[in-house]
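**Student:** Each chain, letter by letter, is given below.
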Amino acid sequence: MKKLTKTGRISIPVVLLLLGALWLFPMWRIDLRAPQYPGGLTMQIWINDVKGDVPIINGLNHYIGMKTIKKEDFKEFVVLPVAMGVFAVLGIVVLLMGKKLPYYIWTGVFVVIAAYSFIDFYKWEYDYGHNLDPGAPIQVPGMAYQPPLIGYKQLLNFEVLSQPDVAGWCYIVSGIILASVAIYEWKKR
Amino acid sequence: MKNIRLLLAAAAAVAVSMPSCKMKSTAAAVEGGAASKVYVAPGKYDEFYNFVSGGFNGQVSVYGLPSGRLLKIIPVFSVFPENGYGYSEETKAMLNTTQGQVPWDDQHHLELSQTNGEQDGRWLFANANNTPRVARIDLKTFKTAEILQLPNSAGNHSSPFITENTEYVVAGTRFSVPLGAEDVPISSFKKNFKSTASFIKVDSSTGHMSLAFQIVLPGMNLDLSHAGKGPSHDWFFFSSYNTEQAYTLLEVNASQKDKDYIVAVNWKKAEEYAKAGKGKKVPAEYAHNTFDEQKQLATSVMEKETLLLDPKDCPDMVYMIPCPKSPHGCDIDPTGEYIVGSGKLAALIPVFSFSKIMDAMQKKDFEGDFQGIPILKYQDVLHGEVQKPGLGPLHTEFDGRGNAYTSMFLSSEVVKWSLKDLKVLDRVPTYYSVGHLMIPGGDTKKPNGKYLVAYNKITKDRYLPTGPELAQSAQLYDISGDKMQLILDYPTVGEPHYGQACPAELIRDKQVKFYDITKNGNQYVTMGEKNVKVVRNGNRVDVYMTAIRSHLVPDNIEGVYVGDNVYFHVTNLEQDWDIPHGFAIKNNPNAELLIMPGETVTLKYTPLKQGIQPFYCTDFCSALHQEMSGYLRVSPKGSNVPLRYGTGETAPAPTAADTVAAK
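Sequences listed follow chains A and B, in order.
Those letters in the first sequence? Residues 75 to 263, per the working numbering, in order.
Those letters in the second sequence? Residues 666 to 1328, per the working numbering, in order.
In short, the hints are calculated from the structure, not lab data.
Positions of the beta carbon are idealized from the N, C-alpha and C atoms, including for glycine.
Errors might be hidden in some of the hints.
[As the list claims (entries may be wrong)] To give an idea of the chain A side of the interface with chain B (calculated C-beta under 7 Å), a few residues: (1) V128; (2) P208; (3) G209; (4) P211.
[Claimed, not checked] Only pairs whose alpha carbons sit at most 27 Å apart, straight line, appear in this in silico BS3-like list of lysine-lysine: (5) B:K1198 / A:K144; (6) A:K145 / B:K940; (7) B:K969 / B:K940; (8) B:K1274 / A:K144; (9) B:K1251 / B:K1274; (10) A:K145 / B:K1274; (11) B:K1251 / A:K141.
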């Protein structure tokens, strides 16, 4: 088994440091804007919580019969920190081993977690946007309220913008580093 | 014959020229460009908050300047059905006095709190003229936070004026009365009647007021006052009239003397004398009402004692300055050197010099005494007189550029003059009969000399007529140039006596947006819909209710009987700016509530007749506001309808008895 290059070894603590941001900053943010909310509304998704103007957004959602968004309903807020924790421990193991193959596997695990997170986030948005209370006071035929996974969308009078937040960007940078280093290591074989 | 023809021709010429010799029109006073000076575009804020006294309506109204738009009415001394002030169980106590609840008053003057002689945007003080009281309004919430009643006072007119660091708020009595509640003949005025100047200490961090001491002065009418600043920091000046000590037909009998007095009080000395025990503690009953924001509850404490300071026992504390003739305003310029007395019956404006006053006091050069209080010599302390300023000078404010502006009640005008040489510089008409005028910060060390507002007593022809009583009036002048320019008329609520204004930035960004519900300390709070309940105790029923867009919980209540005292404790669960909910119940003779987000307010309701009484939200809160309602079933006294309540799934289900009854 080939040894990791110096670049490969340095990349591990860098990635771990970047991922530490997940516990310090929000990962994702969904901004809403409408005439009656001049300051706009923001929902911030953290690794283990959902913060920001959630009570106000919940207040709005009662018109259209969307479920109340509350932290307790998300198993993700338990699973994701554990997954990232395990991933970090794996990183230390990879660093100690100093070999290429574990590094590839480690990168693979990252890709799986990332892909799963995105799929889960999409499903979560789909569920909230589509599973509306049939008894809701306001029902617009054919209307669903799924926010965009990433990017901009108009939902009734609300403009919705969904994008990574600080920790999300750190996460993306981690992914880029892992992928590029993995390719670099493969070429240096 | 020729002469007669000539005469006729002359007469004809006069007759022909008559219609062209028009009198000045009152509408012609506005020059071009005025509209653009007061236009505040949609989405833009006004530059100043203007607080205007409500006179006989007992409230304070808030306008934006320069637009003149009404922003809010703050109930202070009057009950206010709009939001339940004075009606809700939480606020009833604010209007307590030793005479029970006095739910109205006559609100004349306002003063914004100051630090180092500059406005600090923390509190606004307001006086009640009739039942002597001073209120403090918290400018974070625009709510009345405290009301202090004053003993030994009647007609609390020269009030509430403050010292440079808001150390004290003063309250001088307009009607002299015997101290305590002595039963004496009115004709014993000279012997038994006294005027008092009350000094209310203000806690510098909380704003809490307490009556520190009262200075007992000879029987006369104290009119207005102002504290010194800078070099005159230690002094307070009160204008007075009726030093004739008349007690009947004052119109004539109180206008006899050529000069009345400006009473100069060294409040620093008074403070020392009070501390040194020179005063006399006497029994006195007065109410002290405070609104506890944490508990969201007003409480009343009946105070039992006051400290009286007699100038006889306290040398160098009080002096009299002769001032022609029935002075109204008593205004100190921004440097603290000049004291302008406005003798409302005088044909001139006397300006006194503080340094000359100090010299005269030092030399003990008196012209006599007024019931034991030394009188300084007019000529010794005079800086000079403004000659022929107009008729009926009332009140003066300053622009910080060495100019003074005096309102002229009789000649309906504002006159600008120079403090340096006392020459009249400009005059503009007002419509009509101006009382006080106001420049933002115009009675502080740092006036903002951009605008002047005249508060007028009569408004004939200024607005669309509305029956015998017309809109009350304020007029805005641009005073930034050499010539004053009228740029806006704006109607006001109640009779505006005086106003205060400060830059919006001082207040705007400190506004409380909503109350944090987790800090709601009201004893009847309902934390969340799960905790609502209805509790009966004898004939008292407590309804712990919540309000959120767009429903009330519970919205079905049964088992309440005629004659019960039902207390609706409504908690607004919202945590967002500008989402109050209202609460009203059919036929309630009391009032309604307006409950701010995170607040709990209680409405008492005593049903007099059986029947179903709908209740509902009165503040259009959401698209489903009309649906935000419920029913209270009031059953005859002595019936055995059980107490049941709920909303949605927990709403009272029909019972067997109900089904039978329905059949």
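**Student:** Under the criterion that the straight-line Cα-Cα distance not exceed 27 Å, is the pair K1251 (chain B), K141 (chain A) satisfied?
**Tutor:** Judged against 27 Å, a Cα distance of about 34 Å means the pair is violated.
**Student:** Do the alpha carbons of K969 (chain B) and K940 (chain B) lie within 27 Å of each other, as the hint requires?
**Tutor:** 19 Å, holds
**Student:** Between the alpha carbons of K145 (chain A) and K1274 (chain B), is the straight-line distance 27 Å or under?
**Tutor:** 48 Å, violated
**Student:** Could you grab the alpha-carbon distance between K1274 (chain B) and K144 (chain A) and see if it respects the 27 Å cut-off?
**Tutor:** 45 Å, violated
**Student:** For the pair we were handed, K145 (chain A) and K940 (chain B), check the Cα-Cα distance against 27 Å.
**Tutor:** Roughly 60 Å between the alpha carbons, so the hint for K145 (chain A) and K940 (chain B) is violated.
**Student:** When the nearest CB of chain B is found for V128 (chain A), is that gap smaller than 7 Å?
**Tutor:** 10 Å, violated
**Student:** Taking 7 Å as the limit, does the beta-carbon of G209 (chain A) come near enough to a beta-carbon in chain B?
**Tutor:** 10 Å, violated
**Student:** Run the distance test for K1198 (chain B) versus K144 (chain A): straight-line Cα separation, threshold 27 Å.
**Tutor:** Holds: K1198 (chain B) and K144 (chain A) sit about 25 Å apart, inside 27 Å.
**Student:** Per the CB criterion, is P211 (chain A) less than 7 Å away from chain B?
**Tutor:** Holds: closest Cβ of chain B sits about 6 Å from P211 (chain A), inside 7 Å.
**Student:** Mind checking the alpha carbons of K1251 (chain B) and K1274 (chain B) for me, to see if they're no more than 27 Å apart?
**Tutor:** Measuring from Cα to Cα gives roughly 11 Å; hence the hint holds.
**Student:** Would the hint on P208 (chain A) be counted as holding, given a Cβ-Cβ threshold of 7 Å to chain B?
**Tutor:** Violated. Min distance 15 Å.
Comparing the model with each numbered hint stated earlier shows that hints 1, 2, 3, 6, 8, 10 and 11 do not hold.
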